[in-house]
Amino acid sequence: MSVAVTGTTTVKAPRRRLRLPYVLLGFALLLVLLSLLRIVTGTGDLSSSGTLRATLIAAMPIGLAGLGGLWAERAGVVNIGLEGMMILGTFGAGYFGYFWGPWEGVLGAIGFGIAGGLLHAVATVLFGVDHIVSGVAVNIIALGVVQYLAVLSFSGVPGGGQTQSPRVDDLPSISIPALADPLGSLEQRQWFFVSELAALLRSFVSNLSVLTLICLGLFVLTWYVLWRTTFGLRLRSVGENPAAAETLGVDVIRYKFIAVATSGAFAGLAGGFLALVAANGFRDGQTGGRGYIGLAAMIFGNWRPGGLLAGSGLFGYTDTLRLRGGGDSVHGLLLLVAIGLIGLALWQWRQHGRQSALVAAVLGVVVALWYVLTDSVPEDLTGMTPYVTTLLVLALFAQRLRMPAADGKPYRKGSAG
Amino acid sequence: MTDNRLKRLGLGLAAPLLALLSAFLITSLVLLAAGDSVTGVWGQILSPPQARGLTNIVNAATVYYLSGVAVAIGFRMNLFNIGVDGQYRVASFAAAVVAGEAFLPGYLNTLLALMAAMAVGAVWAGIAGILRVTRGVSEVISTIMLNAIATALVAYLLRKAAVDNPGSNITATKDVPEGSRIPGFSVFPDSPNQVYGFVVVAVLVGITYWVVINRTRFGFDLRATGLSQSAAVASGIDTKRMIFVSMLLSGAVAGLVGMPILFGQAFNYGSTFQSGLGFAGIAIALLGRNHPVGIALGALLFAYLDEQSNPLQILQNVSPDIVRITQGTIVLTVVIAYEVVRRYGVRLEQRQVALALEAERSTSREEASP
Chain A
1 MSVAVTGTTT
11 VKAPRRRLRL
21 PYVLLGFALL
31 LVLLSLLRIV
41 TGTGDLSSSG
51 TLRATLIAAM
61 PIGLAGLGGL
71 WAERAGVVNI
81 GLEGMMILGT
91 FGAGYFGYFW
101 GPWEGVLGAI
111 GFGIAGGLLH
121 AVATVLFGVD
131 HIVSGVAVNI
141 IALGVVQYLA
151 VLSFSGVPGG
161 GQTQSPRVDD
171 LPSISIPALA
181 DPLGSLEQRQ
191 WFFVSELAAL
201 LRSFVSNLSV
211 LTLICLGLFV
221 LTWYVLWRTT
231 FGLRLRSVGE
241 NPAAAETLGV
251 DVIRYKFIAV
261 ATSGAFAGLA
271 GGFLALVAAN
281 GFRDGQTGGR
291 GYIGLAAMIF
301 GNWRPGGLLA
311 GSGLFGYTDT
321 LRLRGGGDSV
331 HGLLLLVAIG
341 LIGLALWQWR
351 QHGRQSALVA
361 AVLGVVVALW
371 YVLTDSVPED
381 LTGMTPYVTT
391 LLVLALFAQR
401 LRMPAADGKP
411 YRKGSAG
Chain B
1 MTDNRLKRLG
11 LGLAAPLLAL
21 LSAFLITSLV
31 LLAAGDSVTG
41 VWGQILSPPQ
51 ARGLTNIVNA
61 ATVYYLSGVA
71 VAIGFRMNLF
81 NIGVDGQYRV
91 ASFAAAVVAG
101 EAFLPGYLNT
111 LLALMAAMAV
121 GAVWAGIAGI
131 LRVTRGVSEV
141 ISTIMLNAIA
151 TALVAYLLRK
161 AAVDNPGSNI
171 TATKDVPEGS
181 RIPGFSVFPD
191 SPNQVYGFVV
201 VAVLVGITYW
211 VVINRTRFGF
221 DLRATGLSQS
231 AAVASGIDTK
241 RMIFVSMLLS
251 GAVAGLVGMP
261 ILFGQAFNYG
271 STFQSGLGFA
281 GIAIALLGRN
291 HPVGIALGAL
301 LFAYLDEQSN
311 PLQILQNVSP
321 DIVRITQGTI
331 VLTVVIAYEV
341 VRRYGVRLEQ
351 RQVALALEAE
361 RSTSREEASP
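First to last, the sequence lines map onto chains A and B. Mapping to the numbering used here: the first sequence position 152 is 152, numbers consecutive. Mapping to the numbering used here: the second sequence position 300 is 300, numbers consecutive.
Calculated directly from the structure, the hints in this document are not laboratory data. Beta carbons are placed, not taken as given, at the ideal position from N, Cα and C, and that holds for glycine. Among the clues, some could well be false.
Stated by the list, open to error - The following label-pair restraints were derived from C-beta to C-beta distances:
{"#": "1", "chain 1": "B", "residue 1": "Leu6", "chain 2": "A", "residue 2": "Thr229", "range": "55 to 63 Å"}
{"#": "2", "chain 1": "B", "residue 1": "Gly136", "chain 2": "A", "residue 2": "Trp347", "range": "16 to 24 Å"}
{"#": "3", "chain 1": "B", "residue 1": "Arg159", "chain 2": "A", "residue 2": "Val366", "range": "19 to 27 Å"}
Required output: the full structure, derived from the provided sequences and hints.
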């Protein structure tokens, strides 16, 4: 973040980048909080390895969709069509997964996603259609295409139907019993912090799908490609200032095309993950708005892969608690949220964000009251968490978020003059 | 002059026709690639509808129209109200509860419920408006989030407000009392079903929209802000206020979207209440170029495609979802076609001006030479 000078002479210090030790420290702190919460509220499911493993599975599609959004928006193309590309991905996974095999299913998902991405790229980059309009169109078309093709390909197939594919074989998964078993017994002991750490590690060494590992690798790969290579620098320059990029000889149109196609590939893979790892095949309506949650996670993560990963972890976690029938577990989380919000209010107050501090404090008190006055959170409301969080983040941290400068602006070749 | 006007009209019509034609071609290609009968599908879709079908088309178009106008109000202001979808669902639920409780007798109850729907729709859109005006949050993102929040909120509230329906597993609010329902009327002879009475309200909304946008100072300010915010600020328009107010108006109209269904057909809000109307509204507003008559034509077209594709599964063994592809493609082709036609129009005008200048110059030269 650059130095910001306001009307008076207050000068903000440049923001420190998060280094690995800090990230690890934050992680440890999170586990301590979860341990405390388990002891205070007495809900064991908050940090069991089952919950954490399910979180990992729930977070991946959100994170991959977010990565899709990241690639497109870093090149200056807003991608509301993520949801549609994900839907295409679920079908691609179901179709190729059933007729060829699970790995072909992964490729099929990516291929279908790319097709959606190319459609968006042609409309926005070549024809200069408004990005939002094109995204909405992609969503409509993708849903139509998939429902149409599903009837065509799966009705009459044994185990399939008009709205679902037959069962697709599982992708291989990794288990290391030599590690998982001792960790499991550690987790059983319910020792403060140690059990939480054991549960976390155990969720990675037992029954971990290979695709999950690959997807985690894609986060690192995205970070490396976009921030550590010439290609990435050019791609981001296209999203920040296309005219300047063009004067330096960058082929703006080509970079945007590549970025949006890649975006489609990631969104398609997100759909494929849903169909192949989170479920056993394609089902109509499988995405359930996760493309939008991915977009939310990306904004939450301030258009950066690390933040995006944290956002998708958070949203995947709440989703998991909801699915595990955790009205009580979520109720326990309310306490954490209340403390967090009040802490945030204090911090904002110190940072002279009086208005934000007030809003955060009021919300914190409301959540605290909610915690005290009720016993359980209805599961319908838990589903709101990602969206409410994103609205809050946008409302409270609007100044600290920085999207690519030319994000969403159509660019015509030769505009640099 | 009339010649020019004709040309403008021709160009204006060329774009939607071009868009429809390309959407038609693309859909045909999809059918061909999938191995379905192209002639069979279009034969069914283009066959003249029965009286029953015509009524269904008008009814569906009424709903689409309101959604299109709601989106168009935002568009005129350069605002993207993606949230019509959430706004109409929250509003329909609120109206269904108010109407079901029947605080007032007869049509007063209806009126109260309609007011509630508009108010709730406006409030839901207003959240996005406030965030945009005070915190600079893009209304696109906030309305997408609000759509999802609306889904969860309505599901939660519906569970609370639902009444027991013996013999059915559909959860729904209390039925609107008989006296508060809006009666339909027959337009097409021998039709077994009736056109929504609410169609009158939809027409009134369209007229009001036209008058406000084109004949009032507010409308002028709105259009000016939409065209150039900096110019609007320079001429003393409070653009923040305009953004907020137009978001409220858009939300209020969005609140009406579900009303024809609530008071003319379903009579309650249940888990099966029609969804996805807001996104169709975006397509229809684009198709109709935000013009009240254009939106009406767009709404009729979408309703026509929906209705005519219904029997495809039985008659042609083709999934009726094929028209979703057509509808989605229209959204893209319409925008592209208008741009192409506009560029063509500009070039045509330039050539005309060049010709006129050339002619003028040659006559003045002739006058000067002898």
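**Study point:** Cβ distance range 55 to 63 Å for B:Leu6 and A:Thr229, holds or violated
**Key:** Distance hint for B:Leu6, A:Thr229 holds at roughly 57 Å.
Exercise for review: Given the range 19 to 27 Å, decide if the beta-carbon distance of B:Arg159 to A:Val366 lies inside it.
Suggested key: At 22 Å between Cβs, range holds.
Review point. CB of B:Gly136 to CB of A:Trp347, is that within 16 to 24 Å?
Key: holds, 21 Å
Of the numbered hints stated above, none is contradicted by the structure.
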